[in-house]
Amino acid sequence: MLRPEIEELLEGSENRYKLTKIANLISVNGTNAPDDIRAMFEGDFDAVNYIVQSTMEYIKARTLSSEETCRLKDIENFLDGLVQIYPDYNIDTKRLAFFVIVNVLQNNGRLMEYSCYHSGEQKVRNMTIRLIDEVNGSYYLTDDAFDFLYRTKEVARDIDYSVTRFKMQEYMRRKNYSQALTQSWDLVAELRNMSHSIRDFETRCRENILKITTDEYERIVGQYRNLLNDELKQLEELKKTVEKEEQMIREAYLNGADTEDTNKNLRAIQEIIINLDTTIVEQRALINNKDTVSKTYEQLLRGSFSIKRYERLNFDRDIMQKLYRLDDKIGEAVRMLMYPLSKPELGKMLNIEDLYAPYDSIIEKNDERGIDMKLTDMDSDLKATERNEIHNEIFLSLFTYIKEHAPFTMSRFIHSLTEDELKRWCRDGLLENALMTLYQRNRLDINQYKKQRDNEIIKEPRGDFDILYCLYCLPEEYLDFGSVIFGKSDEDFAFTIKYDEETVHVEMTNITVEVEE
Amino acid sequence: MNDEALKLYRELLKKGYIAQKDSQALWEYVEDADVFDELSEMGKVLDFDIVRAQGRIYMVPTQNNEIFLKNRMDYRADLKTSEIRNRDLYLFNYFEIYLIYLFFRGENADAQVMTFITKDELIKSFTEHCKTITSQSIDDDDATNDYSANFRLLAQVWLSKKEGDPASRKIEDRNGILNRVIIRLKADELFTVTDNGIIRPTTKLIDLMPYVLRKERVQEINKWIEEEEKNATDT
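For the record, the sequence lines run as chains A and B.
If you number the first sequence the way the working numbering does, the last residue is 510 and the count never jumps.
If you number the second sequence the way the working numbering does, the last residue is 426 and the count never jumps.
Rather than coming from a laboratory, the hints here were simulated on the basis of the structure.
Please note: incorrect hints may appear among the correct ones.
Claimed, not checked - Subject to a maximum C-alpha distance of 25 Å in a straight line, what follows is the list of computed DSS-like cross-link-like pairs (lysine-lysine):
1) B:K235 to A:K336
2) B:K414 to A:K315
3) A:K452 to B:K352
4) A:K116 to A:K204
5) A:K452 to A:K336
Just chain B, same shape as in the assembly (with noise of 0.2 Å):
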């Protein structure tokens, strides 16, 4: 085992990555081709990938790894709440991925096509994307998507909900909604807020985001829905 790759493990584990301008020292090794490939050898064991981006190393977990995944419970933590209900821990988890797909949406060469939004607008754009959920009719055929019939509660439920102070943090109203999942997302450091409500993607998310997106995932995804579809006609 290769002692300079066990010290880029044991720093990966404390936040998640390596970055050049915060250790040079540990970043000559990044560079160093037998001990690079070495941690990359090391994640095949232990369930994780190295994804390597401009100044950064990231620890990736892959599917399988038990360890590092957040769990339901986790979730929960992470929002400071375990008596929220699971329609709205279905919102909380919807809202934040139409956030960063609200960034990373683009088709063409980029694919981030926003460097910040406000929280107005955020409200505003995720409210027009509900009311666009609800008015479809369930059997309108030529309908753009097809939502299910809980998409569409979920959907319900974000309108139901009245704007809220700014500052709330209340689960009854959408700011709270909104700043909640925004602390979640900065717990994993994945968006910066600002003072006046302006919100941007991290370094972190930025660099991530090509992994995330790549398009090997496509049978992954398919995958794991077939496998939920089959689990959920057998019980």
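Next comes chain A alone, as it looks inside the complex (with noise of 0.2 Å):
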């Protein structure tokens, strides 16, 4: 048991240790800063860092604004504004938001784990940080990043929704409207500030209600319990104050007291009245969606003593260990491993292709144990590699004369080619095999390709001239058009290869290529 000075001592010292390490977490430097963005600032972290806390404050300000999300296209905006404070380097400002974001902010997935003495419950426990939270691709900080943020903005900040109004109030009173304006943008921010903590605790129990401990619960659902209704009391007269205040000084300005304070103050007083109109419609939101939350919440626990829960084995000593010793059979074991993963797969009972599978496991019978390392397989594996390579070659240079010279005739194609490429790719017959594909195929509709290969696996041919293998393979750049069409024309043409032993001639149809947007 721990003295009860120091008990006393270390009371909400959780929370102070939780923001020591959200500031490690956020910190790069030599040992933890990948090589591209050491180089790109030339090892100067304090320029990253920086631009990382800045990152963080600006997700908050986008997401508190009536923008509301913030995705990594609008980080590369705000970074490419930002790095103008940084003249001296050359900065990638696409490398430097996914750094941010997904090295630093989500730590590489990794949850923050930490252990620390908990003073409520009297015990050190582990404890995880997560700072921002990513749905439908936007990014928000999560409840621990604002308070971090809130808590280093300025020492004398004060965060308190009641005090902000109240000096609002007292501002007004006084008839200081540029300082009450500033509060009233304030109260617009922690009231924002207070619903997004909702949502985020909201999200967190759908996640896992298990993981939200009661503490949690009472400290965001029930602080704002009492504090919200009180307050919309409170804003509301505030709203009536104002509202008189605006028309005292309208009948001033119409009797002829039309000088540059009187405009400024009523500019700042509609501004003011607009900032409390959105305070007193999102309180009221505020307060029926922390009904809902508790709903919810309580709701999500009702269910959740239906759930079983499983002592956990060792992954790492009952399952991997054991799998490096397996000599062979690891395919199999991995399926024994993880065959509760898999999905009801009553397709295949009545799917016609398995009435041959029989004969594929004949053919396979010889390859089942160990891991067969034969030399015959890598042989005839480097033969059909070979084709696949020159018809990738024939593909690339073809498409790259279609970008060029489309529409054209196949025999002005042909006598582009260097002499070493025709002897290349006429060995086999390649060459030939694949241009008179393309010519019975007629149309190449490169829009449905894409459809296809982004549905599907493209198969790695065996050495045969597969037409979707080979668009896979060329760059997108060559893909910027709608069809191909290859066509007859009434012409023929030849053209000789000379081998060292050899002479081949070759006559085909003079195909026409054209090419449609």
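Combine the two chains into a complex, taking the hints into account.
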């Protein structure tokens, strides 16, 4: 047991320690920075750290504003503007945005776990930190990150909602409209912060209710319970006062008090009214939302009692180390271990392909045990790979020519090739076969291909000419048109290739090649 | 036979789970203790377990369920290739379990230690892992782990592959293997991947991992290994 004076000293220290851990987490230094980031900033980690912190500020500002979303692209735009303060460095903001978000703020996807004495529970326990959440491609600061930013912004900053409202009331009474306006903005920001905090809580409840402690529920939901209802009344009163004030200034203005100050005050007051309206509307929504969150929490908690808890094995010791020792059957072992994750595969019972499956397994029989590294297998593969490479070379060359010269006839393309290319490509008749296949296909619908590519796996052929695969291997810039049409012309053409020991004479239809956008 | 339990069973056959947010009507059956018990009883005869998670129930095949379980051919079909060699197939299988291990290897309160991983990080991590395997001498008695000869070969197969294009699907390169494994895992709804290469476990995987890693499976695993070893000596 701790002595009472120490216990008192440590009260709430876990919250302070959390801030220290967050500061550690967002610090980039010589040991954790990737090489390209280090090079980009020439080892100036203060610059990197300042950018990380500013990005957090930006996410906060953007998600609390009416924009509400903050995508990677928005962060890139922000960084484009921010990096002007470092004119000496050559900064790739796209890479930097990814680094700040994914590597630093999301800690590469790893939960930041640490242990700390928890004064409430009076024991050391494991805790986790998460700085940003991603919802549909938009990033939001978590409650922890908000807390960190608020507490580090200004030492004298008062973050209490009631105090802000009170200050605003006082400034209004003293007719200090510019300060009252600043306070009204803070009021909006703090309210949105609360609403964010509730949303964050709800998300985490939905993810896993078992990770939420009742303390947390009380802290997040309970603290707003009375505050919001009381505050709503106060705000409505305040709004009436401000509207009266506006009326008075307006009358003074109509009575000839057309000074610069009157105008300025009127503008400030109008803006204050807008902010108060926003605050009142959003506060009402928050009160409703708070009740919904309470209900959701209770519902989820009730449901969680029917979820069975399992004692867990040790993944490394009980599974991985056993796998390492298996001499063969590694594949079967993995499937055995992971079978509970399979989907029901009823379709396969009714699939005609499975009638032929036994034939396939006979072919595989010799290959059943161990890892077969037969040379012959490798040899035949090399040949297939070489043929695939040649087909890809032909395609690249043809599409380069199409891009620059379409429409044209095939004889022109053939004459543009070097002697070495012709020798290599025609040795097994690969070029002639490829061109004739294209001619028979008549039309290559590139858009159709792109859809197909996105939805299915394009298999690498075993040396056969496969149009889909060749298209798949082409760089994207060669595919910026709708279709390529291979048509018949009335003329034939011929060309000759001289090898050391023989001469090959090729005759073929002079195919026409056109492009449709 | 309870009609509601049958309706749940039919729905579960479609994609393996029922989510509360997809159908509140069906979820009411789930919350009815009698219906739920009936469904669990059906599982005992038809070789499946019902696993309940937050807002979802899953139908999970038990080990002797020959109807639902994937066999070798199904795996090949999922990888969209019938011509893959065994050494590569083993690599695919192991790569898959390694990915799951990276996410769920926690020994403390929570098994899940990561929320996502980038493709680059995954390749880097697996390559390091394979280097550790191959660098350990067979005769090294003090070695941390005992790796079989075939396991070392598997690691060498990975190390011998080139990095490849990030969009590659070729078996000859590391990116190609990763992309095919991800497609397979996506088919079973276990992982998702974004355009910028961020791989995340799905709710389904997160929900089912406590069941997959339950302690009572240790006996099941040991028994399987014993049988396999016995079969190997017999042949």
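| Pair hint A:K452 and B:K352, alpha-carbon separation not exceeding 25 Å | holds, 18 Å
| message | Does A:K204 sit within 25 Å of A:K116, going by the straight-line distance between their CA atoms? | response | Given that 25 Å is the threshold and the Cα spacing comes to 18 Å, the pair holds.
| Quick one, are A:K452 and A:K336 close enough, alpha carbons at most 25 Å? | Between A:K452 and A:K336 the Cα gap is close to 24 Å, so the pair holds against 25 Å.
| said: Need the status of pair B:K235, A:K336: alpha-carbon distance at most 25 Å? | reply: Since the Cα atoms of B:K235 and A:K336 sit roughly 18 Å apart, the hinted pair holds (cutoff 25 Å).
| Do the alpha carbons of B:K414 and A:K315 lie within 25 Å of each other, as the hint requires? | Holds, at roughly 12 Å.
Checked against the numbered hints above, the structure breaks none of them.
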